[in-house]
Structure formats: C-alpha cells, structure tokens
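Keeping their order, the protein sequence lines are chains A and B.
So for the first sequence, the working numbering puts the first residue at 1; every next one is plus one.
So for the second sequence, the working numbering puts the first residue at 1; every next one is plus one.
Because the hints were derived from the structure by calculation, they are not lab data.
Some clues are possibly wrong.
What the hints assert, rightly or not - Residues from chain B that keep clear of chain A, each with C-beta distances beyond 10 Å, as calculated: (1) E165; (2) N203; (3) E224; (4) K249; (5) E279; (6) M297; (7) K310; (8) L323.
Said to hold, decoys possible - SDA-like mimics (lysine to any residue), calculated; alpha carbons at most 20 Å apart, straight line: (9) A:K457 x B:T191; (10) A:K487 x A:P235; (11) A:K457 x B:T247; (12) B:K43 x B:Q74; (13) A:K379 x A:I364; (14) A:K457 x B:Q74; (15) B:K145 x A:F129; (16) A:K457 x B:G148.
Built from N, CA and C at the ideal position, the CB exists for glycine as well.
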Amino acid sequence: MLAEVISTVFSPLALVFNLLGVVLGIIFGAMPGLNGVVGVALLLPLTYGLSPSHGLIMLSGLYMGATYGGSISAILLNCPGTGEAACTALNGSPLARQGRAKEALSYSVLSSGFGGLFGVIIMMLFTPFLSQAALKFGPPELFLVCLGGLAVVGSLMGKSFSKGFLSVAIGLLLSIIGMDAVSANYRFTFDNASLQAGFDLIPVSVGLFAIAEMLNLICNQGDNSIISEKNKPFPVMEGIIGTAKRWKLLIKSSIIGTIIGILPGTGGAIASFISYGEAKRTSKEADQFGKGAVDGIVAPESANNAAVGGSFVPLLSLGIPGSATSAIIFGALTIHGMIPGPKLFSEHADVVYALMLGLLVSTILMVVIGLMATPVFSKVLNVDVKMIIPAVLAFSIFGAYSARNNPFDVLVAIVFGLIGLLFKRFQIPIAPAVLGMILGSMAEKNLRRALTIAAAKGSDIFSFILLRPISLVILVLLLLLIYGNFKTALRSKNEE
Amino acid sequence: MKKRSLFAAILAGTLLLGGCANKTTNDGSGNGSGSGGSAYPEKSVQFIIPYAAGGGTDTLARLLASSMEQSWGQSFLIANKPGGLSQVGLTELAGADADGYTIGALSNLDHILVLFTGENVSYDYDSFDYLGAINTTANVLMVSKDSGFTDLQEMIDYAKEHPGELTVAVSGKTHVAEVSLFEQAAGIQLTTVMQDGGGDSLNAIMGGHVDCAVLDKNYVAQVEGQGINTLATFAGEPISTIPDIPTMKSLGYDVATETYRVIVAPAGTPKEIEDAITEKIKEVSSTQEFQDSMANMGEIYRFLDQDQVKERLDQDYEMIQQLLEENPDALNR
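Whenever a hint applies, use it, and build me the whole structure from the sequences.
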C-alpha cells in the first residue's frame with residue numbers, strides 16, 4: 001500500500017494540485033483580510049470533482065501555505081495577513097526597516113518549514129495516541145490554556161505595563177459584545193441589529209493592523225517607499241545555518257504549536273502567541289524583542305505551521321476539527337462519504353496516508369517557493385507607497401466585507417483603522433488587543449461551561465479544577481508562565 | 001465517475017469569495033421547462049443563507065441553488081449572512097424587494113425560536129412566504145462511555161433520582177428547546193452545557209466531560225465502536241439512516257421534533273413567481289443525481305410544497321408556544 005500512496009502523492013497531477021494549493025495559500029495568507037479559512041472554503045467546491053486524495057492534498061497544501069503566507073505582509077508591510085502572523089510583525093517589520101527584509105523572510109520560511117514538518121511527522125506517528133490525550137482536555141483545561149495565552153501579554157506589551165493592559169482589556173471587551181455564546185442572550189448591543197452578531201475578528205484585525213498602518217504611512221508624508229535603506233542581501237545558506245543553530249527554540253516552539261493545534265477550537269494564532277512569549281522569556285536576545293529579534297520570528301512561525309499538522313490529529317481520528325480551517329477540510333472528507341474517525345484509517349487508509357504524505361510534500365514545496373520568492377517579495381519595499389497604500393486598503397476592505405458579506409464589517413474595519421492609528425500615536429501596542437479578542441470569548445465560554453458542570457455535580461469550581469490531574473498540571477505551568485513573563489516584563493522595564 | 005464530474009461542474013460555479021457571488025454561466029441548456037408562461041427569472045437571483053458557509057443549511061442550499069441555476073439558466077448568487085441564529089440574514093431578507101429576485105433559506109426551529117426569544121426582531125412569522133422544503137433530519141441523544149446508560153429508561157431513572165446532575169452538551173437554541181421538551185415529557189431536570197457546534201459537543205461527550213449530548217443523526221456513524229451509546233432520536237418517526245435508534249415517542253415520551261430547511265421569499269412576492277420557484281425546487285430535487293448528492297451528504301430527501309411546509313411550521317410554532325406557556329424559562333437556561 002505504501003508504494004501505492006507514494007505513487008499517488010508523487011504523480012504529476014497530485015504534485016500540480018499540491019503546488020497550486022501551496023501557492024494560493026501563500027497568496028491568501030499574505031493578503032490582509034484573507035486567510036487559510038477563506039481560501040479553503042473557496043477551493044472546497046472545486047475539490048468535489050477531484051479524487052479525494054487530490055482534493056485533500058490541495059486543501060491541506062493551501063492551509064500550510066496560508067499559515068506561512070501571513071508572515072510576508074507582516075514583515076514587509078507591518079500588516080499581518082492572518083492572526084497567526086501578528087507576533088511575526090513585531091520583529092519582522094523592524095528588521096525590514098533596517099534593510100534586513102530578506103533575512104527576516106528567509107528565517108520565516110525556514111522556521112515555518114521546520115514547524116510544518118515537525119507537526120506533520122508527529123501527526124503521522126502518534127495520531128491515535130494524541131487524539132485520546134486531546135479528549136482529556138475539557139472546559140476547565142481549555143480555560144486554563146486560554147489563561148496561559150493571556151499570560152504572554154507581558155511579552156507583547158513593550159515599554160508600558162499600563163498601555164499593554166489597556167490594549168488587552170479593549171480586546172477582551174470587544175469579545176463580549178454580541179450574542180452570549182452560552183445563553184444566546186445579547187450583550188452590549190445597544191439595540192443595534194448589526195452589533196447583535198458581535199464583532200468578527202477579521203474586520204477588527206484588518207482595521208487595527210493593515211488599515212491603521214496604511215493611515216500611518218499617509219500621515220508620515222515624505223517617504224516614497226517603506227524603507228529608506230537599501231535591502232541588504234542575505235544568502236540562503238546563512239539562513240539555513242542560522243535556523244539550524246536555533247534548533248532548541250525550533251523544537252520547543254514546534255512542540256507548543258503541535259499541542260495547541262491538537263486542542264479543539266484553538267489554532268495557529270494562539271500557538272504563535274504562546275511560543276512567542278516563551279521565546280522572549282528564554283531568548284538570549286530578549287532585549288531585542290520588538291526591535292528586530294530573529295528569535296521573535298522563528299518561534300511564532302514554527303509554532304503556527306506546527307499547529308497545522310496538530311489540527312489534523314483530532315480531525316482524522318475522531319472527526320473533531322482542531323481549527324477553523326480543518327473544520328472546512330472535514331467537509332471535504334464527508335462529501336466523499338468518508339466519515340472521520342477510527343474507521344477512516346481502516347477503510348480509507350490510502351486517502352489518509354496520501355493526505356499525510358502530501359502535507360510533507362506541501363511543506364517542502366512551501367519552503368522552496370518561499371526561498372525562491374524572497375528576493376521578489378522584498379522588492380515590495382521599494383515600490384512607491386502611493387501604489388502600496390491604495391492596494392492594501394482595497395484588499396483590506398474587500399477582506400473585511402467578505403468575512404460575513406456584511407457592509408457593517410467594512411465600517412468596523414475603517415473605525416478600527418482609526419482606532420489603530422490612535423493606538424500607534426499613543427504607542428499602545430496592538431497585538432495584545434487582538435490576543436484579547438481571540439482568547440476572550442474562548443476563555444469565557446470554557447470557564448462558564450466548567451462552572452455549569454461543576455455546579456451540576458455539586459462541586460465548586462476550585463475543587464473541580466484541582467481534582468482533575470491535567471488541569472492541575474496546566475495550572476502549575478500557568479503559574480510558572482505568569483511568573484516568568486512578569487519577571488521578563490519587569491526586567492525589560494528596568495532596563496528602559 | 002460521471003456523476004461526480006457533473007456534480008463538480010455544478011459546484012465549481014459556486015467558487016467565488018465567501019460564496020458572495022456565483023457566476024456559472026449556462027451553456028445553452030435550460031429553459032426547456034417553461035414555468036407557467038412566466039418570464040421569471042429574467043436576471044440573477046440573490047439567495048440569502050442566514051448561516052456561515054459550510055453548515056447544514058448552507059450545504060443544502062448551495063446544492064439546490066446550483067441545480068436551479070443549471071435548469072433555469074440564471075445565476076443564483078449565494079450570500080451567507082450569518083449571525084443571531086439566522087436573525088441577521090432574515091432581517092435583510094424580510095426587508096428585501098418582494099419581486100422574487102431575493103429569496104433565502106432557513107432552518108425551521110431556529111427561525112421559530114428567534115421569533116419567540118430574539119431581541120429587536122424586526123420581522124414576524126408572516127414576513128415570509130414559505131415556498132418548500134427538500135430534506136428532513138433529526139437530532140439524537142447520546143450518552144458518554146462513563147455514564148453506563150444503555151437505554152433511555154436507565155438514564156431517565158437516574159435523572160429522576162438526581163435532578164440537575166446529568167449534563168447535556170448542546171449547540172444552538174434548537175437543541176435547548178429539544179432538551180426542554182424531553183425534560184417536560186419525562187419529568188426530569190438536566191443541566192445543559194452550551195457548545196460552539198457539533199464538533200465541540202462530540203469532543204465533550206467522547207472525553208467524558210459531559211454525560212449526554214444532543215447531536216445530529218450523522219454523528220451516529222462517527223462515534224461507532226467508541227463506547228458512546230445513542231439512546232434515542234428526537235424525531236417523531238424512525239430515521240431511515242439510523243434504523244436501529246428508537247424514537248422517544250416509541251419509548252413512551254411525547255417528543256417529536258425534526259429539522260428541515262425551508263426556502264422562503266419575502267411576503268408579498270407575486271404568487272406566480274412563488275409557484276414557479278416551488279415547482280422548480282420539486283423538479284430539480286427529484287432527479288436521481290440530486291438525490292445521490294444529498295445521500296452523499298447524509299441528508300434524507302423529503303419534498304414539501306407550500307401548503308405542506310406551512311402546515312409543518314405551524315405545528316412547530318404551536319409546539320414552541322405551548323412549551324413556553326407551560327414554562328416561560330424553558331429556553332432561557
């Protein structure tokens with residue numbers, strides 16, 4: 001059967017679909033407002049006519065490519081194309097402005113590649129075991145993981161404690177607006193029908209990141225291109241050596257990414273935030289974080305691509321999607337009458353293994369394309385900003401609208417663009433707000449589920465959490481993480 | 001193979017961002033079936049789906065829209081307008097011109113529940129004309145491995161002795177209503193734990209974080225051989241794809257809910273256009289190819305015309321009204 005799978009995956013047609021998926025993925029990832037979810041949803045109907053293996057190879061290649069693609073616009077334009085790339089922008093953009101865009105892009109694609117391969121290999125080897133382990137994560141455990149994500153805010157906030165907390169508080173507040181996910185009642189909607197559906201992450205983050213950055217460029221008149229310095233050359237070999245030297249960081253971040261990817265309802269964005277915080281805590285160049293630290297690119301980029309493989313673990317073995325993108329890939333399986341679960345491996349083993357092997361090939365294709373395209377991508381920096389600004393704004397508006405086909409979201413994106421500009425003027429960091437918005441509703445839902453279950457069982461929430469071994473372990477890790485992040489933040493504050 | 005490629009040709013056309021537009025051109029076929037002399041449709045029709053892409057209503061509506069498009073030779077532009085249990089999309093549909101060029105799809109119980117429990121709902125039951133339905137599906141009650149229940153009676157007996165102790169994973173108000181109806185029928189009290197969707201509920205029940213879960217019938221095959229018992233279906237009649245699962249009714253508990261997707265138009269749309277749409281739905285959905293596609297998706301085909309679907313909806317409406325009369329907080333938990 002192995003020979004059969006290999007011949008499927010390496011057949012010219014499968015390679016073409018794989019390449020198409022990866023290239024489209026990189027493009028979708030790089031466009032502000034578009035992401036892997038949109039890309040996979042868009043391509044899904046096309047795959048109905050393909051053989052299951054080809055269709056899945058294309059979609060999962062797109063997922064892999066999009067997870068990396070977000071870093072391109074994050075580095076070059078300081079407009080992270082996806083939530084996954086928000087952390088990458090923090091260091092990638094300063095590097096690009098120092099003329100080191102090629103370096104940043106090379107590290108991004110190489111660590112994405114490493115993380116991607118790591119996640120897929122773990123998935124190939126340990127899916128049955130890991131999926132059973134993932135099931136042990138119930139509401140209390142997921143709540144604590146969310147708190148862990150929020151704990152890294154200390155690493156994101158830059159110079160001022162209060163501004164960092166203000167930003168994350170705004171994000172958390174935004175996550176409350178709309179329909180309460182537990183009781184389905186409305187909160188803070190002010191009788192406004194548009195607010196009843198709540199704020200979608202895409203228009204808000206497109207506004208805060210991309211539109212605000214473009215408005216900022218408009219305000220800083222005088223510059224014709226994004227960087228005044230010349231792009232410094234960066235040989236590929238140097239990138240490979242530099243990446244290899246960071247093997248410890250790569251492995252640690254990839255493990256974080258894979259684990260977060262496996263947990264249901266999470267995804268690459270949370271993985272990259274947590275690994276970024278962890279990298280800052282332990283990195284030798286911790287003081288350079290936020291100013292152009294290579295470690296600050298390597299950690300989130302390897303983590304978010306590792307989460308891709310991770311998210312397939314519960315999908316294939318149990319039919320539980322680990323992320324929004326893999327939820328759509330679930331649809332691609334069922335349309336062919338394949339039901340994810342233990343029987344998938346016995347009845348459709350050829351398709352499952354073709355998907356797994358195909359993902360390995362996708363990752364390699366992604367690295368090759370990324371490295372080859374790096375010189376081309378970095379030319380964007382020399383393009384006249386008068387061309388860049390309208391293009392980015394147009395894509396941002398388009399992306400914001402397409403999230404829910406709702407004109408209200410265009411307004412949301414524009415308003416948050418202005419708010420983002422204010423953030424920049426007052427030097428309030430933006431990433432914590434996005435982190436707060438991503439984690440706020442997740443943390444709340446899981447806490448309330450845990451409270452409900454605890455109450456039904458006649459227990460209080462504290463003993464409920466403490467009596468579950470996994471939550472206890474996470475709680476200890478969480479306290480260590482908070483302590484570590486607090487120390488880091490305090491240290492960098494003292495150094496200022 | 002031929003079936004698959006045809007299906008692909010249909011669906012390839014739905015490819016445009018977020019399903020916001022759909023521009024498959026018809027190459028010459030179509031228009032073979034005149035619709036009572038009416039010139040409808042003369043231009044593209046907007047088809048509002050009040051749910052996100054990928055859900056049950058969306059998948060079915062896309063299949064229907066592409067078949068109607070092929071047959072009529074005019075585009076059916078899918079617009080997903082999710083939010084508020086379909087309230088966001090239906091608000092827009094209710095306010096659209098009643099000329100037949102904006103239609104939509106809805107899910108029966110969600111729609112009725114919004115009418116009873118939604119806030120600032122700008123439309124009512126009579127704001128729409130209900131044109132037809134093509135499927136029926138049902139939810140089932142599953143119990144976790146650790147719970148040890150093998151039939152519904154065991155579970156009910158336990159719940160009677162331990163009021164409120166059993167937890168039930170639900171996703172959406174329809175499930176909440178079903179649990180309330182079941183509680184009423186069995187004289188028990190359960191604790192609902194709201195999840196984001198079926199995948200979440202599945203995780204909760206397989207991980208043993210909850211004792212029971214309400215899930216779509218298609219999950220029955222997915223949990224096979226993993227210690228999860230499916231005790232009963234909420235449907236009034238046995239479901240053909242899960243013949244071994246008893247209905248609650250057959251076990252002596254008077255619960256009968258089903259989920260079906262209804263094609264709707266704003267009230268006041270010209271009668272001949274509405275009839276033409278209903279006729280076309282019947283025509284395209286009765287082909288073998290369409291039904292094979294539905295079967296692939298795990299959907300059960302059942303066509304209801306305008307009168308039949310209204311009658312069903314009226315029954316559902318009364319059922320919810322009665323539930324709320326007996327217990328005004330039944331849906332607020």
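So, going through the hints one by one against the coordinates:
Once the 10 Å rule is applied to beta carbons, B:E165 is inconsistent with being away from chain A; the minimum gap is 6 Å. Not every beta carbon of chain A lies more than 10 Å from that of B:N203, the smallest distance being close to 5 Å; the non-interface claim is violated. Under the 10 Å C-beta cut-off, the non-interface status given to B:E224 relative to chain A is violated; the minimum distance is some 7 Å. Here B:K249 stays apart from chain A, with its beta-carbon at least about 27 Å from theirs, past the 10 Å limit.
For B:E279, the requirement that its beta carbon stay farther than 10 Å from each beta carbon of chain A is met, with the minimum near 26 Å. With a cut of 10 Å on Cβ distances, B:M297 falls inside the contact zone with chain A, its closest approach being about 7 Å. No beta-carbon of chain A is positioned within 10 Å of the beta-carbon of B:K310; the least distance is around 26 Å. With a least beta-carbon separation of about 16 Å from chain A, B:L323 lies farther than 10 Å from that chain, consistent with its non-interface assignment.
Proximity of A:K457 to B:T191 is assessed by CA-CA distance (about 10 Å); at most 20 Å being required, the pair is judged to hold. Note on A:K487 and A:P235: the hinted pairing is violated, with a Cα-Cα distance of about 37 Å set against a maximum of 20 Å. A hinted pair counts as satisfied when its Cα atoms are at most 20 Å apart, and A:K457 with B:T247 does not qualify at roughly 28 Å. Pair hint B:K43 plus B:Q74 holds up; C-alpha atoms about 6 Å apart against a cutoff of 20 Å.
Annotation: proposed proximity of A:K379 to A:I364 is violated, straight-line Cα distance about 24 Å (limit 20 Å). Between A:K457 and B:Q74 the CA atoms are separated by roughly 57 Å; this puts the pair beyond 20 Å, and the hint is violated. Note on B:K145 and A:F129: the hinted pairing holds, with a Cα-Cα distance of about 18 Å set against a maximum of 20 Å. In summary, the hint linking A:K457 to B:G148 is supported, as the alpha carbons are separated by about 17 Å, within the 20 Å threshold.
Comparing the model with each earlier hint shows violations of hints 1, 2, 3, 6, 10, 11, 13 and 14; every other hint is respected.
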